[in-house]
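Asks: What follows is each chain in one-letter form.
Protein chains: 2
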Amino acid sequence: MVQFAERTRGLKRSAIRELLKYTEQADIISFAGGLPDPATFPVDFLAKVAAEEILHNSLKSLQYTTTEGKRPLREALAKWLSEEGIKTTMENIVITNGSQQGLDLLGRAFLDAGDAVFVSLPTYLGALQAFRAYQPTLVGIPLEEDGMDLDFLRRAIREARRAGHTPKLIYVVPDFQNPTGITWSEEKRRELLKIAEEEDLFVVEDIPYRWLRYRGEPFPTLGAMDEGNRVIVLLTFSKILAAGLRIGALTGPEEIVQMIVTLKQGADLCGSSLTQRLAVRFLTDYDVRGHIARLCAHYKTKLEAMLSALERYMPEEAEWTKPEGGLFVWAKFPEALDTEKMLPRALSHKVAYVPGRPFFADGSGQNTMRLSFALATQEEIEEGIKRLGQVVKEELLALPLAERR
Amino acid sequence: MVQFAERTRGLKRSAIRELLKYTEQADIISFAGGLPDPATFPVDFLAKVAAEEILHNSLKSLQYTTTEGKRPLREALAKWLSEEGIKTTMENIVITNGSQQGLDLLGRAFLDAGDAVFVSLPTYLGALQAFRAYQPTLVGIPLEEDGMDLDFLRRAIREARRAGHTPKLIYVVPDFQNPTGITWSEEKRRELLKIAEEEDLFVVEDIPYRWLRYRGEPFPTLGAMDEGNRVIVLLTFSKILAAGLRIGALTGPEEIVQMIVTLKQGADLCGSSLTQRLAVRFLTDYDVRGHIARLCAHYKTKLEAMLSALERYMPEEAEWTKPEGGLFVWAKFPEALDTEKMLPRALSHKVAYVPGRPFFADGSGQNTMRLSFALATQEEIEEGIKRLGQVVKEELLALPLAERR
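Going down the list, the protein sequences come from chains A and B. Each number in this note's numbering comes from the position in the first sequence (counting from 1) with 286 added on. Each number in this note's numbering comes from the position in the second sequence (counting from 1) with 286 added on.
Check before you lean on any hint, since a few could be wrong.
All copies of an identical chain are treated as equivalent in the list; a pair is satisfied when it fits inside any one copy or across any two copies.
Said to hold, decoys possible - Calculated cross-link-like contacts (lysine-lysine; reagent style DSS-like; alpha-carbon spacing at most 25 Å):
1. Lys298 x Lys356
2. Lys356 x Lys334
3. Lys474 x Lys608
4. Lys334 x Lys346
5. Lys373 x Lys672
6. Lys474 x Lys373
7. Lys474 x Lys334
8. Lys346 x Lys365
Think of the hints as simulated: they come from the structure by calculation, not from any bench.
Use the sequences and the hints to build the structure in full.
Replies: In structure tokens, the structure reads:
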């Protein structure tokens with residue numbers, strides 16, 4: 287028996303990642319996984335600039351780079367973020383291996399064992415995984431249609447403090463959240479910042495889907511509304527450029543960014559120079575706005591196909607979100623329907639989804655599921671949701687009559 | 287004041303990395319830094335295969351990959367390592383962001399606060415940084431010409447145990463160590479494995495310079511000699527392919543590799559698909575042995591230039607190692623000569639090195655320095671060591687007479 291550290295107790299691999307194994311079978315229509323559609327990757331452009339950067343700029347593309355990341359990338363990002371109203375400068379940006387590394391380094395910077403982190407119910411699974419390595423107290427806050435239940439949050443912060451769990455971070459995905467697709471209202475955004483200020487906490491605003499809006503108008507980001515230096519913003523190029531480059535970024539108060547850089551040095555010295563150079567070229571030599579407009583048109587059709595198919599094929603006992611962007615729809619069923627237990631039935635009907643429970647810090651949510659519309663074609667979405675509707679109906683029929691609602 | 291976690295107290299950024307700022311001035315001849323010579327990067331090959339992989343294999347080069355890393359890369363690595371005699375299989379390999387991430391994840395897997403890690407005096411600075419994030423007790427073991435003082439190690443393990451510091455890991459760089467260039471004898475390698483077995487510890491064998499041997503015959507790696515499943519091997523492509531790709535790997539006992547994969551999932555989900563694909567192509571489509579032979583010829587001339595210049599320009603009070611490979615020579619001066627204090631004098635003479643103290647877990651080594659011969663030309667090495675000899679002579683003359691030896 288290897289004697290591992292205390293922090294590894296009870297750590298589990300992501301249920302989603304393990305599930306991906308099953309969904310690789312060609313005849314399964316999969317709404318599992320959270321991958322962007324590779325059809326959206328600007329392949330020709332990336333092939334051209336990769337060859338150019340390696341051939342003509344090898345000192346900058348193949349040698350080690352600085353821990354905080356390449357200066358031109360931080361400059362271009364500062365410009366990009368300022369267009370979003372997020373007040374930042376090159377000096378307050380650190381490039382990370384996807385936003386996931388940002389989550390890990392924030393856990394490392396802030397969390398002693400037992401410290402309280404407030405997350406919505408449900409929340410992004412990867413954030414739970416990242417924070418859990420630092421043994422915090424994860425406090426789940428109910429998620430409403432327009433964001434967290436903020437009265438609940440206020441009470442939870444005080445209760446945590448009373449119980450000796452120092453409140454440290456509030457983690458939110460305010461735009462088209464993974465897994466629900468829910469977007470926070472402007473009012474709740476404002477209120478959240480007030481709470482952070484009053485309670486002396488930091489807000490981690492994760493915005494991977496921010497630019498994937500297919501309908502309606504965006505609300506300002508928390509980073510843009512932040513007057514009190516309370517917001518740390520995480521972003522990623524995984525959904526707007528290419529996931530396999532692993533380029534993310536973190537920006538926030540200077541003292542925090544400096545600490546993250548120090549911690550990243552121990553964690554991996556620096557990121558890849560090559561993939562950072564590709565991101566620089568994307569931001570400076572490509573029509574990013576036009577690219578994003580094409581992405582949005584592409585995903586919009588898929589989202590509409592899924593919402594329409596759900597309407598047609600789901601039994602009336604089912605509910606689901608109607609997101610205005612992102613990659614996910616979230617469905618909810620009668621309490622007694624356990625989506626983990628239902629999964630084998632779904633797989634036998636050649637359709638896959640992600641059971642919702644792992645997204646809940648408190649272990650609830652057994653009657654929920656996440657559906658990604660990103661990878662399937664319109665026809666597959668139609669057929670897949672049809673199969674899933676059938677699966678749910680069969681599963682409901684197998685329940686005792688009183689538990690079918 | 288931001289309330290950071292306890293583990294961040296006293297964490298410092300690497301002195302070396304901060305120093306790199308000064309050495310960027312064009313007129314300074316720098317022996318600081320630990321960067322490989324970019325002239326050794328196979329630029330044409332990488333440009334060609336990068337364009338090919340992105341254009342014709344975008345699903346595999348631009349999408350997310352698995353946490354453990356691409357299967358063909360793990361396969362090719364297993365083959366490569368088995369040629370080195372290291373008994374491993376694809377299943378027991380995880381791809382990391384350079385070997386630095388391997389160090390971080392090992393700290394995370396094994397170390398509770400106070401646990402003992404045994405490192406040589408001096409040792410690789412990045413290992414100290416990685417482990418320190420987990421608040422261990424770092425126990426320094428004197429390094430002799432042929433490896434650690436193993437009697438000292440045995441006593442230190444027992445003392446740590448008596449003092450309540452659970453011994454967990456022994457960290458070694460047995461081939462052309464960073465910073466000293468020292469290589470362990472076969473006898474000491476064997477003895478170390480015996481100690482690990484008797485004391486129920488794991489050995490972390492870091493082999494970034496393994497393939498950079500310019501003279502003499504290699505000894506077997508610890509991984510190859512390991513009968514008791516006690517060795518975790520870390521390797522990197524940074525010195526034999528290109529540092530900016532950030533491709534490293536960890537292999538070892540299955541239970542440990544599985545834990546590392548679980549922890550990596552929380553740390554950054556997965557590495558870059560693109561740079562992993564480039565490493566696959568390097569291992570399968572390139573003349574790796576021929577490439578390494580050219581690398582070795584390239585660095586051999588530089589190492590010889592440095593050793594010869596040291597002989598000619600250093601005062602007799604100086605001592606230095608005579609490595610058979612790697613990227614570094616290590617120099618030692620009379621106790622009273624403080625290489626950190628001497629650095630401004632060196633910079634004013636337009637030459638740079640890394641002061642040795644940060645490489646010592648116990649804060650000693652103020653009279654030592656690391657000299658990298660990788661980046662400078664032969665002419666620069668000659669001129670730079672000439673300048674440095676002058677700097678040392680001046681510094682010695684400034685010392686009280688009794689302290690000059």
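Asks: State for each hint whether it applies.
Replies: Hint by hint, here is what the structure shows:
1. Lys298 x Lys356: between (34 Å within a copy, 21 Å between copies)
2. Lys356 x Lys334: both (20 Å within a copy, 24 Å between copies)
3. Lys474 x Lys608: Within one copy, since 19 Å is at most 25 Å while 66 Å is not.
4. Lys334 x Lys346: Intra 16 Å, inter 17 Å, cutoff 25 Å: intra and inter.
5. Lys373 x Lys672: neither (46 Å within a copy, 50 Å between copies)
6. Lys474 x Lys373: within (20 Å within a copy, 57 Å between copies)
7. Lys474 x Lys334: neither (44 Å within a copy, 51 Å between copies)
8. Lys346 x Lys365: within (21 Å within a copy, 31 Å between copies)
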